[in-house]
Amino acid sequence: MTETTRVRSLDDPDVFVETPATIFDAVPPYPPRSEREAEFYHLDDGEMLINLGPQHPSTHGVLRVVLKIDGEKVVDLDPVLGYLHRGVEKICENGDWHHAISNCDPLEYVASMFSEAMPVLSAEKLLDLEVPRRAEYIRVLCWELNRVASHALFMGWLALDLGGLTPVLWGFIERDEIVEMLAALTGQRLLFNYLRIGGVNRDLNHDFLSRLGDWMSRAGNQIEQSTRLLNENEIFVRRTAGLGVLDRETALRLCMSGPPLRATGIPYDVRRAHPYSVYPELEFDIPTRTEGDSYARYLLHIDEVRESIRIIDQVLHEMPDGPVMAKVPRLIRIPPGRAFIAIESPRGQYACYAMSDGSDQPFRLRIHDPSFFNLQAVGVLMPGNLIADTMAIMASLDPIMGGIDK
Amino acid sequence: MTDSVRQKADTTEIWIGAKDVTDVMRTLHDDEQFRFELLADIAGVDTGSEMWVVYHLYSTLTPDWLRVICAGLSREDPRVPSVTFLWKGAEWGEREAYDMFGIIFEGNRDLRRIYMPADYVSFPLRKDFLLPDDAARSPGEGFRHVEQTHQPAEHFRQPVLRQSKLGSSSAAALDELAADTEKATS
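The listed protein sequences correspond, in order, to chains A and B. For the first sequence, numbering that gives the first Met the number 0 gives the first residue as 0, with consecutive numbering after it. For the second sequence, numbering that gives the first Met the number 0 gives the first residue as 0, with consecutive numbering after it.
Honestly, the hints are just simulated from the structure, not real lab data. For glycine and all other residues, C-beta sits at the position ideal for the given N, C-alpha and C. Warning: the hint list may mix true and false statements.
Unchecked claim - Ranges of calculated distance between the beta carbons of each label pair, as one might list FRET restraints:
id : chain 1 : residue 1 : chain 2 : residue 2 : range
1  : A       : 129       : B       : 71        : 32 to 40 Å
2  : B       : 34        : A       : 237       : 34 to 42 Å
3  : B       : 73        : A       : 241       : 23 to 31 Å
4  : A       : 129       : B       : 108       : 43 to 51 Å
5  : B       : 182       : A       : 382       : 27 to 35 Å
What the hints assert, rightly or not - Listed below are the simulated DSS-like cross-link pairs for lysine-lysine, each with C-alpha atoms no more than 30 Å apart in a straight line:
id : chain 1 : residue 1 : chain 2 : residue 2
6  : A       : 326       : B       : 182
7  : B       : 182       : B       : 126
8  : B       : 87        : A       : 326
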């Protein structure tokens, strides 16, 4: 049988030839595996396929998108994932619960305080463990700081993908201050490995607090400056307002969460929907918008940064004294059971379904990454738009490939 | 206001079989009493003896998570109806479960591997897939790295293009495996 050596022709996807294609060709060198794939790789008159990525800077990592275009218009697209797949869930099953914390760190590498909380919170729920209040306040402080850092970068990236270089530099300045601050607390800039089952790794120190006070004194001012740069920028508004419009029904059907969902008017925020940690004691609003376009998603991020600063302010005022770790043995045997926890990350609902069989290793640690589900919306939002606008739409969904590819 | 902060068991759990998935999910989604409009998560699970598909749902009407466990799927041929007719976003979640566990979601129009390459043949998150460097659980007697627990349907079958580099001690086993693969693909 010579069937295995026959591959698709690059000129005509419906014809199979014996020339091997490389993985960088847009058309896959094998017969279609699903109904949808067969439909996508069948081209009508005037249509052609181009590759976007996997090394394209506007894909925010190593995402490859095969675009089916007609002239400058995108007709359809097929995201190809897996270039960053490390098998974190499998690795977690093979180490103990403490290892899982650092293994989950690089999932959401822009805001890893959130992804490393997954094994921590699920283990605490399975153990029914009471965490000291000071530790919970420190966690909330770190989460909100990390959210601001992530959102600052989002605004910069969005503008960068539209061709503006200045905002991304401003975003990085903002983020760098927070990252340095967290480095003073945790010892690391990106993958903090700070949360522990039963508390946090270490208590607040002087270096961190002085940097934090310094930053808080001008954070509000810096946000106003950044918004003045972009909010009424004619080019920015024209290329984001009215583009990539999502309505409520579609967003719910696409299992979206986070800012893209709240930009359609649904006030779903896990901090309020399923309160965890000390969020019930804090005062903050859930900003929503109703337009559902890229511009609304951008404005929503700014509102969320304001709310985060409000939370940080309250946390600093109400921070109780006490220990930062519960009494937990070094070798934890988690009782058998199933637990589902969810927290609100900068990109949406970061959830984890954990199963334990009573040993010191997780039996199953399923990580639900919001960018994975949010990214699916590109299939709905992009068709009909110009190639250049697809960048703006994708950037406004704020995908992080580390979490998507796991 | 909570005085002691703790993660509560705030989850309701129901167990169903594969034949009930469509009806149960449709009722939970559409019925006025339930209105579980948000699919919070969809996960595959390999318990070692059978496969599960676990759904987590959220509704504005109740403070609990609803966990729906579809249990009792055979490890040889796990099949379950797709929920993409209710949540289109479940498509990638189901693709992931297919890629990692080999669970077939009937009705998903785009059921193909999502992370692993198209010529990959095994399902990495299954319990009998051991990592080659897994000192903690490995029986120590050899490799089961590229074992094929589940054969894809006839026309999906692809030749194994890459073999992992194994130690010379397992060369005989590798030859055996290559012969098996050849037999399966010719």
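To see whether the hints hold, each was checked on the structure:
1. For residue 129 of chain A and residue 71 of chain B, the hinted distance range of 32 to 40 Å is satisfied, since their beta carbons lie about 36 Å from each other.
2. Distance hint for residue 34 of chain B and residue 237 of chain A: a CB-CB separation of about 39 Å, consistent with the stated range 34 to 42 Å.
3. One distance hint, 23 to 31 Å for the beta-carbon pair residue 73 of chain B and residue 241 of chain A, is violated here, with the actual separation near 50 Å.
4. The hint said 43 to 51 Å for the Cβ distance between residue 129 of chain A and residue 108 of chain B, and at roughly 47 Å that hint holds.
5. Range check, residue 182 of chain B to residue 382 of chain A: Cβ separation about 44 Å, and the 27 to 35 Å hint is violated.
6. The suggested pairing of residue 326 of chain A with residue 182 of chain B is violated, with an alpha-carbon distance near 57 Å, which exceeds 30 Å.
7. A hinted pair counts as satisfied when its Cα atoms are at most 30 Å apart, and residue 182 of chain B with residue 126 of chain B qualifies at roughly 25 Å.
8. The suggested pairing of residue 87 of chain B with residue 326 of chain A is violated, with an alpha-carbon distance near 45 Å, which exceeds 30 Å.
When each numbered hint is compared with the structure, violations occur for hints 3, 5, 6, 8.
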